[in-house]
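**Student:** Mapping the sequence shown onto this note's numbering, position 238 (from 1) lands on 252, and the numbers just tick up by one.
In case anyone wonders, no lab produced these hints; they're calculated from the structure. Hints are not guaranteed to be accurate.
[As the list claims (entries may be wrong)] Label pairs and their computed distance ranges (CB to CB):
{"#": "1", "residue 1": "SER228", "residue 2": "GLY304", "range": "45 to 51 Å"}
{"#": "2", "residue 1": "GLY304", "residue 2": "ARG254", "range": "23 to 29 Å"}
{"#": "3", "residue 1": "VAL279", "residue 2": "ARG80", "range": "41 to 47 Å"}
Cβ coordinates follow ideal geometry from the N, Cα and C atoms, glycine included.
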Amino acid sequence: MQKESLSSESPVAGVMAGLGAFAAWGLLPVYWKALQGVFPVEILCHRIVWSLVFVAGILTFQGRWREALAPFRSGRDVFLLLCSSLLIGGNWLLYIWAVTANRVVETSLGYYINPLVSVLLGFVFLRERMRPLQYVAIALATAGVANSMLGYGQLPWVALSLAVSFGLYGLIRKIAAVASMPGLFLETLLLSPLAAAYLVYVYWSGDMAFLHVSRTTDALLIGAGAVTSLPLLGFAFSARCIRLSTLGILQYLGPSLAFILGVFVYKEPFTSGHLVTFVCIWAGLAVFSGETLWNYRQPRLPGARKS
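Construct the complete structure from the given sequences, taking the supplied hints into account.
**Tutor:** In C-alpha cells:
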C-alpha cells in the first residue's frame, strides 16, 4: 500500500521538482544582479569552487563516490567531460556577464532557442530524424534571428552563444552517459585548478572582492555553489519521475521568468523589433511543443510505432 502511494505521488513530486528547478534558473538573474559589483570571472571561479564543495558533500551523503569516480577509468569519458566542462564554464561566464551587463532579455532569448538548437544538433551529429513540423519550428526561429539581424545589423550573439554552448554541452553529456550529479562534480573538479589559480592571483593582486567587500557579498559568492547545484538536483529528480515531453514544456518557465525580469523589473529596452523576433521564436516553440506532445501520444494508439 505504501509503495502504491509513493508511486502515485511521484509524478506530482516530479512536476513540483521540475517547476522548482526551472523557476530557480529563471530567477537566477536576481542572484547575479546582487553581485553586479564583482568581476564576472571572479563570480564564475567562486561558482566552480563552491559547487565542487557542495556537490562533494551531496555525494558523500548519498554514498556515491564509486559512481562519481568511475568515469576516470575511461580516457574517452574524461576527454568528453573535459569538453563539457569547458562548454558549461564558458556558458556560465557569458550568462553572468550578460546579466550584470543588463542583457537579461537576450539571455532569455538564448534559452528559448536552445531546445530547437538541441534538435538540430541531434539531427547533425546523432542522425536523429527530424519530423516535418520540427523543420517548421526551426525555420520560424531562424526567421526571428534574421529579423534581429535586419533590425539591428548584427547577430544576437549572446543569445546564440548561450543556446549553442548549452546545446553542445547537452550533446556531449548525452554521449558521455554520466549521471547528472557525478558529472557536475567531475566537471567542476576539472575546472577547479584554473578557478583556484585565478582566485589566488586576484587575492595577491589585491583585486579580490571575496573577504574585501561585505559579508553579504561573501555569503552570495559561497552560495553560488548551492544555487548552481540545487536546481540541477531538482531537475534530475524530475526527469526520473515525469515524461520527457512534460519536462520539455516545463523548461520554458525559466526563460519566461527571465524575460519578465528583464522587461518589467530591470526595464531593459524592448522594441517592436524585439517583439517580432520573440513572436517568431515563441511561434516556433509552440509548433515544436505541440508536435512533440502529439508524437509522444501517437504510439499509445493500437498498432502505432514511435517515429
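**Student:** Taking the hints in turn, state whether each one holds.
**Tutor:** Against the structure, the hints come out as follows:
no., hint, result
1, SER228 x GLY304: 45 to 51 Å, "holds, 48 Å"
2, GLY304 x ARG254: 23 to 29 Å, "holds, 25 Å"
3, VAL279 x ARG80: 41 to 47 Å, "holds, 45 Å"
Violated hints for the displayed structure: none, as all numbered hints are satisfied.
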